[in-house]
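Chains D and Y supply the protein sequences, listed in that same order.
Residue numbers 7 to 405, in this note's numbering, belong to the letters of the first sequence in order.
Residue numbers 39 to 420, in this note's numbering, belong to the letters of the second sequence in order.
In short, the hints are calculated from the structure, not lab data.
Here a beta-carbon is modelled for each residue, glycine too, at the ideal position from N, C-alpha and C.
Don't take every hint at face value.
Unchecked claim - Here chain D is said to cover these stretches of chain Y; the calculated rule only asks that three of the stretch's residues, wherever they fall, bring their Cβ under 8 Å from a Cβ of chain D:
no., segment
1, 127-141
2, 186-192
3, 230-238
4, 387-399
As the list claims (entries may be wrong) - Sample of chain D residues at the chain Y side, in silico, Cβ under 8 Å:
no., residue
5, Pro77
6, Gln80
7, Asp142
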Amino acid sequence: MDLRFTSDELAFRAEVRGFIAAALPEPLRTKAALGRPFSKDDVVAWTRILNAKGWAVPHWPVERGGTGWDPVRQYIFLDALQQSGAPQMLSFGVNMVGPVIIAFGNEAQKRRFLPRIANLDDWWCQGFSEPGAGSDLASLRTAARRDGGHYVVNGQKTWTTFAQHADWMFCLVRTDPAAKKQKGISFLLVDMRTPGITVRPIQTIDGGFEINEVFLDDVRVPVENLVGAENEGWDYAKFLLGNERTGIARVGQTKEWLRRIRRIAAQERDGEGTMLDNRRFRERLTAIEVELKALEMTLLRVVAGERKSERGKPDPVSSILKLKGSELQQATTELLLEVAGPHALPWQPQQEDGWNEPPIGPDWAATVAPSYFNHRKVSIYGGSNEIQRNIIAKAILGL
Amino acid sequence: MDFDLSEEQSLFKDVIGRLLAGHYAFAQRDTYARSETGWSREVWSRLAEMGLLALSFDAAHGGSGGGPVETMIAMEEFGRALALEPYLATVVLGAGLLRHCASAEQKSSLLPRVASGGLILAFAHTERQSRYDLHDVACRARRDGGAWILDGEKMVVLHGDSADVLLVTARTAGGRRDRGGIGLFAVDAGADGVTRRGYATQDGRRAAHVALANVRVDAVAALGDPEGALPVVERVVDEAMAALAAEAVGVMLALHAQTVDHLRTRRQFGAAIGSFQALQHRAADMYVAVEQARSMAMLATMMVAESDHLLRHRHIAAAKIQIGRSGRFVGQQAIQLHGGIGMTAECKAGHAFKRLTTIDTLFGDADHHLCRLAASGGLEPD
Ligand SMILES: Cc1cc2nc3c(=O)[nH]c(=O)nc-3n(C[C@H](O)[C@H](O)[C@H](O)COP(=O)(O)OP(=O)(O)OC[C@H]3O[C@@H](n4cnc5c(N)ncnc54)[C@H](O)[C@@H]3O)c2cc1C
Numbered sequence: 007m008d009l010r011f012t013s014d015e016l017a018f019r020a021e022v023r024g025f026i027a028a029a030l031p032e033p034l035r036t037k038a039a040l041g042r043p044f045s046k047d048d049v050v051a052w053t054r055i056l057n058a059k060g061w062a063v064p065h066w067p068v069e070r071g072g073t074g075w076d077p078v079r080q081y082i083f084l085d086a087l088q089q090s091g092a093p094q095m096l097s098f099g100v101n102m103v104g105p106v107i108i109a110f111g112n113e114a115q116k117r118r119f120l121p122r123i124a125n126l127d128d129w130w131c132q133g134f135s136e137p138g139a140g141s142d143l144a145s146l147r148t149a150a151r152r153d154g155g156h157y158v159v160n161g162q163k164t165w166t167t168f169a170q171h172a173d174w175m176f177c178l179v180r181t182d183p184a185a186k187k188q189k190g191i192s193f194l195l196v197d198m199r200t201p202g203i204t205v206r207p208i209q210t211i212d213g214g215f216e217i218n219e220v221f222l223d224d225v226r227v228p229v230e231n232l233v234g235a236e237n238e239g240w241d242y243a244k245f246l247l248g249n250e251r252t253g254i255a256r257v258g259q260t261k262e263w264l265r266r267i268r269r270i271a272a273q274e275r276d277g278e279g280t281m282l283d284n285r286r287f288r289e290r291l292t293a294i295e296v297e298l299k300a301l302e303m304t305l306l307r308v309v310a311g312e313r314k315s316e317r318g319k320p321d322p323v324s325s326i327l328k329l330k331g332s333e334l335q336q337a338t339t340e341l342l343l344e345v346a347g348p349h350a351l352p353w354q355p356q357q358e359d360g361w362n363e364p365p366i367g368p369d370w371a372a373t374v375a376p377s378y379f380n381h382r383k384v385s386i387y388g389g390s391n392e393i394q395r396n397i398i399a400k401a402i403l404g405l
Numbered sequence: 039m040d041f042d043l044s045e046e047q048s049l050f051k052d053v054i055g056r057l058l059a060g061h062y063a064f065a066q067r068d069t070y071a072r073s074e075t076g077w078s079r080e081v082w083s084r085l086a087e088m089g090l091l092a093l094s095f096d097a098a099h100g101g102s103g104g105g106p107v108e109t110m111i112a113m114e115e116f117g118r119a120l121a122l123e124p125y126l127a128t129v130v131l132g133a134g135l136l137r138h139c140a141s142a143e144q145k146s147s148l149l150p151r152v153a154s155g156g157l158i159l160a161f162a163h164t165e166r167q168s169r170y171d172l173h174d175v176a177c178r179a180r181r182d183g184g185a186w187i188l189d190g191e192k193m194v195v196l197h198g199d200s201a202d203v204l205l206v207t208a209r210t211a212g213g214r215r216d217r218g219g220i221g222l223f224a225v226d227a228g229a230d231g232v233t234r235r236g237y238a239t240q241d242g243r244r245a246a247h248v249a250l251a252n253v254r255v256d257a258v259a260a261l262g263d264p265e266g267a268l269p270v271v272e273r274v275v276d277e278a279m280a281a282l283a284a285e286a287v288g289v290m291l292a293l294h295a296q297t298v299d300h301l302r303t304r305r306q307f308g309a310a311i312g313s314f315q316a317l318q319h320r321a322a323d324m325y326v327a328v329e330q331a332r333s334m335a336m337l338a339t340m341m342v343a344e345s346d347h348l349l350r351h352r353h354i355a356a357a358k359i360q361i362g363r364s365g366r367f368v369g370q371q372a373i374q375l376h377g378g379i380g381m382t383a384e385c386k387a388g389h390a391f392k393r394l395t396t397i398d399t400l401f402g403d404a405d406h407h408l409c410r411l412a413a414s415g416g417l418e419p420d
């Protein structure tokens, strides 16, 4: 047992931090400092900067653009990225459909799609959930019927994040209506410009627009866009969902948020002193830091174990990362809301929406309440926290 | 001891409930929220007709002889409907301040206009640095012959954008955080030197940032003792917290019912999700939280009339703590149990969650009151 990074690893971390500090464009740095959401253009710009450096898809195989770093270096990189406040890579491409294509796609699909994912030339969205199929994803009903060289797709997807930006959607569709639940499902890549696709935005409780309904009405998808074998899509979906284990905890991001809270609390008045002088507040902040450290150590145990075991195999321990990671993100947004106090109350549209009036109250306060509201989602999506507990109870505890 | 409503009070509750049910379908609420005032004049005049805007006034000012229990009943119904009208700002805070410290002359000039629905009031108190401390007042009022000149800024003035008269706290003597030397002034919202920037709040209501630059008001604008307004402000804020507690209970009751309904109707894995024990237990915990809040809202209501102001404040602060905690748990879990649909603006649950969040923040959140209460010796000091 050795809990320290080696001197090589420390040097690597310094190199990554140095690169990010130099390469992150000023406007993005400002947005991060104010807690403002990044636009599509921001994410694309930053992805291309990383891709030019060869760091956009470090976890992919070297022949597909990966860096060949071991899991500890992968972790160091991701942690530094999250702590820098830079935009997150678009998970739908680099962590979800990319690895599925690498593992199960054919050579033509790999050549066609992977470089465009790494450079964010194609924006991907995830068409899994449906109105009737959320936690019980396998009950999905969107159907694809074979018609010559095409599948004809009919149905509806929902909660589709950033479908409004998307060029492509990876989809679970039912190709064998007779088969039982998990059996007749296929994994299909759908060009969002195909006739018959309608995207309807759904406003979230924080006032933002990130999710959508996607209606598919006689959408013709060439059979070459089927990934792997017909009716085997459920296995690929399971691979995909269990795959993203280190990123989902967002430990680095929460660390950065806590630092931000500390900075703000040191300025905001409370009684004769500041919020940071308030003992109860300090204790709550510290309690989150302790839990976060525990999660980071758990995460490192998973990462170090990965170095030895078979890669890409879903591990039920990832449920711990999802469960605790999401709870800590929520606790952190909640704490900032309390620091803000009355300053959190004004609702202010974002600059992206063409709003250019001076802020009401301190400039950091505008996104505080929306962020608290919005982060209720992290315990719902990606397998809700109740579902994660079910997985732990069944798969780990054998109950 | 009797926790039940009298027959008359039950009737009163039904009448308000029916009125609001008729005007507060989800889409209608959205229309009010998007209108210029952010609430419905129509509903407001109906409330006036029912005597609700003069609930605790003397008969001489159009009052209907109601007390704290009637206010609790009304607030709970407003909460259920997520009503947007400026009842808290105008009737509980504004008229409350007038009732407790205005002269007979001031009362008879203003209260009947509130009662008839023709006058909207707002309480302009919070400042950039004050957080939740009622005695932290930097805004200044200085005498100029027989008049007063006011200078300063007030933030998050609830319904300050549609108010006709602002009730402004301002320092007439002493340092920023002294308990003495605070005055209360009735300022015409349209007076020279008053600038208001109205905006929507996170819970879909309205508020304003108010700047006062060299605002000149007559001597009669001073309400009560111009150097001793703090006890009245504290009393009225206690009353407002009791009213908010009742409103929060209404919000929670409706939200919990909606969530239980969802558990019954939403199906996954071939069964109603309410058949999963994990969710049954969560819904049961929510129920417990709502009932604890309801009990404390009743306690707060009883304490409104308490003459020992320390006793009154301790118990109402305790209620605010319970309301904050219950509200947070019930709000968060309601969203969680709804799943994706709970995250959407199209679902009422999110609006209730946001209102509960705002209620916790108004006049001090649970942790604020917990720290202050603990520092003052706890709820039951020897
Ligand atoms: C902001 C946001 C973005 C999203 N983005 C995407 C996307 O890009 N692509 C996509 O495909 N999907 C996306 N989703 C969908 C997400 O994966 C689903 O919301 C999630 O799977 C839950 O499904 P549901 O909403 O239907 O809730 P339900 O499954 O109806 O769940 C409702 C409640 O019941 C609980 N529950 C359900 N089953 C059980 C059980 N067996 N035991 C105990 N409790 C249970 C749940 O935990 C939840 O609390 C997104 C969701 C949100 C909120």
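Taking the closest Cβ pair, is glutamine 80 of chain D under 8 Å from chain Y? Hint on glutamine 80 of chain D: violated, closest Cβ of chain Y at ~31 Å, above 8 Å.
Within the segment 186-192 of chain Y, is the number of residues with a Cβ closer than 8 Å to a Cβ of chain D three or more? Not satisfied, violated; 0 residues make the cut.
Grab the minimum C-beta distance from aspartate 142 of chain D to chain Y and call the hint holds if it beats 8 Å, violated otherwise. 4 Å, holds
With a C-beta cutoff of 8 Å, work out whether three or more residues of the segment 127-141 of chain Y approach chain D closely enough for the coverage to hold. violated (count 0)
Hint validity - proline 77 of chain D Cβ closer than 8 Å to any chain Y Cβ: Violated: closest Cβ of chain Y sits about 32 Å from proline 77 of chain D, beyond 8 Å.
For the segment 387-399 of chain Y, do at least 3 residues have a Cβ located nearer than 8 Å to some Cβ of chain D? As far as the segment 387-399 of chain Y goes, the hint holds, because 7 residues have Cβ atoms under 8 Å from chain D.
Report holds or violated for chain D covering the segment 230-238 of chain Y, Cβ cut-off 8 Å, minimum 3 residues. Holds: 3 residues of the segment 230-238 of chain Y have a Cβ under 8 Å from chain D.
Going through the hint list in order, the structure does not satisfy hints 1, 2, 5 and 6.
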